[in-house]
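Novice: As a plain string of letters, each chain reads:
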Amino acid sequence: MATVSPLREAKEGEIIAPGHTFGSVTDKISDIVQNDTIAIGWLASLAFAFMMLNILAISAAYLLYRGLGIWGINVPVSWGFAIVNFVWWIGIGHAGTLISAILLLLRQRWRTSINRFAEAMTLFAVACAGMFPLLHMGRPYFAYWLMPYPNTFGLWPQWRSPLVWDVFAVSTYATVSLLFWFVGLVPDLATLRDRATNKWTQTIFGLLAMGWRGSAIHWQRYEVAYGLLAALATPLVVSVHTVVSFDFAAGIVPGWHTTIFPPYFVAGAIYSGFAMVLTLAIPVRQVYNIKDFITTTHLDYMARIMLTTGLIVAYGYGIEAFMAWYSANKFEVAVMQNRFTGVIRWEYYMLILCNVLVPQLLWFKYVRTTPSVLFVISLIVNLGMWLERYVIVIGSLTRDNLPSSWGRYSGTIWDWGIYLGTIGLFLTLLLIFLRVLPMISIFEMKTLLPEAHPHGHGHDTKNHGHQESVK
Amino acid sequence: MSDPWDQNAALPPFGLLAEFKTVDELVDAANKVKTEGYKQTDAYSPYPVEGLTDALGHSLWLLPLVVLGGGLAGGLGGYMLQWFTSVYSYPLIVADRPFHSWPAFFPVTFECTILGASLSAVFGMFALNRLPMPYHPVFNVESFDKASRDRFFLCIRSIDPKYDAVETRKFLESLGPCEVQEVPE
Amino acid sequence: MSATPSDTSIASIQRIALITGIAGCVLALLGLVIPGCTPHVFRGWLVGFNLFTGAAVGPLAIIMIQYLTGGNWGLMLRPTLEAASRTLPLMALLFLPIVFGMDYVYEWSRFEKVHHHPELVDQPLYAGIEPHDHELEHKLPMLNQMFFFVRVVVYFGIWGTLAYLLNRWSAELEQKHDKSILDRCASLSAPGLVIYVLTVSFASIDFAMSLEPKWYSTIYGAMFGMGQVLTAFAIAVATITLLSYRTEILKAIQGQTMSDMGTLLGAFIILWAYLSFMQFLIIWMGQIPEELPWYVARMMTPPWRYVAIALVLLHFAVPFAMLSTINVKRNRRLLAGVALFVCAMRVIDLVWLIVPSFDQNEKAFVASVPLFAYLVYAGAIVGIGGLWLATFLWQLSSRPMLPSYIPEGGAHGETAHA
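Residue numbers (this note's numbering), protein chains in the order written: chain A, 1 to 471; chain B, 1 to 185; chain C, 1 to 418.
Among the hints, erroneous ones may be present.
Said to hold, decoys possible - Derived CB-CB ranges, DEER-like:
no., chain 1, residue 1, chain 2, residue 2, range
1, B, Trp102, A, Tyr141, 51 to 61 Å
2, B, Phe99, A, Phe48, 46 to 56 Å
3, A, Lys199, B, Tyr88, 50 to 60 Å
4, A, Lys365, C, Tyr245, 41 to 51 Å
Hints are computed from structural coordinates only; laboratory data are not their basis.
Virtual Cβ for every residue (Gly too), placed ideally from N, Cα, C.
Isolated chain A (complex conformation) (with noise of 0.2 Å):
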């Protein structure tokens, strides 16, 4: 395999290293695919998310065979870690969609080293998410009844429930997302046919690129379509989270009550999306040592979105605390007042500490800049996200209107299995990946180069390179 090495590193404000041509570029995202070792680092890692996997199996397996009683769950609080995962999965999903669509709308180039991976990302964010309403069905062989369809009993589905609704908004994202990723693979996919050596490798990419070739017409159409499904996703990724925001906010449980929670909720999962994006892609650059394509810049970037997100996450807090006392109203009053200083307050401190305290540090370049002390902030968002729709929803559950209906919650080793598990499906989805598809986007890559364009299109190579931040 030809090694691939740029002039030198990229600067301040490069999104590509110089020195890259379209064949290096071509090479260096292919080899990680189409080599023939296999890497002891990533085999290691997939044998420790596989086993994380089994322990998904087994959860689920004992849940089926013993019924829901395993879980913590219980009256009042007959939602429990499943929905605060499946709220949390969802969120981390998010910030693929935003990455490929609306930074794609806005024209902010450096988006393209990270789309494909980040896409990736929310589609398996997504399977973990689904997960969660399957299990807690009970029954999960009868989830088509959630689906309208004509049946014997004459029954429909009810559309005045925002969990009707979930089902719809969460399906026809992941449908979409499958899609923008498949859509974008394509080119890529020719790729890998054209430079298979092996037979079966060849078949294989050569039917899933279904005979692209580059046509210009076909770049044409491929572009509208392209642009098209971008303009789509944009909105659709919003009212995704705005509907799971919905499943609190249109029933009048105090906490969940609230007309903050739809941009709320929305800006939260992006957070916590980007905080997800960063923490798989430090170790994935260097790793791979692809710190030509991802750069620094594009750490900053993401961090500066988590910043921007994150404060509005807190004004999010802000608002809803405040908004308690000036409502007068003593259920909302008595919310707070759990959250402060009642049974929730030690998840309630932490939230603030990991969401609103430690992202704070983000205004800071060295901060933005130095992936180690990234990496560890994103974890802390990541648990901090976790924490945020635990406080909402075990916090108001257990604290009702009424004091005879209180209870008390916690998530038994079932509970937690299932929630680990996930994070291994996550894990061996994104491991294999890795491994089978490009991970970078790479005729997307090669627009980046200053000699993809034309001369005498209007076009300044000069500003190759350069990008405007996206706060």
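With chain A fixed as given, assemble chains B and C onto it according to the hints.
Specialist: Just chains B and C now, with coordinates in the frame of chain A:
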């Protein structure tokens, strides 16, 4: 006219394929091909090149209409489904809401619109591009593998009225390609 | 690239605006001597004040966002937006009349009076107000006149400081063409936006939401603030496209920049619609007596019901459909038209947000609204609008209409994707 059932008869070639090293050469060549009057042409590049389809004279208007139609169908279908099931088929009073609860019907209608539009964008694009098409004559050319890597190709098809095996080759060679090859059918 | 608007059209519009403004104000003030109209003078004034405070504050958000994200659209709009932000002192001045009519406007202000002087209940203005009310007493530490005025001073102080610094530094930037000044603007903008969002949220609660002092909604600040940004952006886009008959302005904005302006206007409209609809849907789904009256007044009671439908169609559907179908690049008159139309819809939206609050609190008043009161409302809105427009145009012509300093990298955000 030769016997169409004759397996051994040589098919006429698909066309002539010129290979270029840079995108500038390809765009220049495409412009010249158009001025020369060739209609049945196509260009191949490893990434989308701006202005190339203009140079080749393709136009594009159908896909956005397909997407609009898909979105409308999805949205109307979603709304009608909700209306039909909750007003007509099985009206049920829930939480004192009207049967026709239009605010509550909004989210599902929206999701169905997006789903319909996205599906028609993707499948419309593939259908209009006549994909999947695992076999295409250009794949017969050995060096065409590089079309997905770092080379740019321009093809003039033999069905073009101006096509002439000798003249067209000469013309293509005058555009400064690194190679001109015949594409067998 | 600098251009000073020197032709007479701006000056003549400015003169007409000033005359209309004064005439409107006089008409509104006439209400003070017409029986039964006095409350409407202040209420109409509050609508106009809120509308044009939004037009003066909103630009700050757009300017600061532009410093942080770049984008040629914002660069070319910056002088216009800055001119709009320099109308803040006028708006601070125009707040003063409200000081004298607090009791006519704010129910909590009347409550405060009655709470301290129960004997006032005999007067018609304070009739029906209980001197003791659990919720309003709870809010008294915030909703009292003294602290309200302190907050207004703080808001205008903060907005004024931001506007002053942004305007001064940008003038300095135009003079010295020094990139370090641009960096300074950017480093003010990040914390500036945080402060901006907080002040605008609380100001919207103070100026508008507290008109119904028992009603609350956590999204209100975001929704109201988004409306202000939309107002400011629509005004700026309308101004620059209307002035694009001058070749230097046309040259600066034509093509991608103008198309971006159209897209952004559409995006702001969608955001406004999103936030407004979310508030509605959640309250509709919840159906609890604490929240519902706000929408009962605005969506079930006759005149406002039709206004609400009109807002959905004309404030959202029509401009959105126009902006997504027309080719803005080729049709700059249409873009100007849509932007002006959105400005007009902003007036309707604010009237719809604010005026039903008054109806609700005094059922007796509704029946006896004198015909002249409608003129008073119109006069107050047109009056403040005229004064604002005259000031805006005066400020607009006092500095070049286009930036002379283009940051390195040329047209920011114009780097086309492939």
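Novice: For every hint, state whether the structure bears it out.
Specialist: Each hint tested on the structure:
| no. | hint | verdict |
| --- | --- | --- |
| 1 | Trp102(B) x Tyr141(A): 51 to 61 Å | violated, 34 Å |
| 2 | Phe99(B) x Phe48(A): 46 to 56 Å | holds, 54 Å |
| 3 | Lys199(A) x Tyr88(B): 50 to 60 Å | holds, 58 Å |
| 4 | Lys365(A) x Tyr245(C): 41 to 51 Å | holds, 44 Å |
Checked against the numbered hints above, the structure breaks only hint 1 and satisfies the rest.
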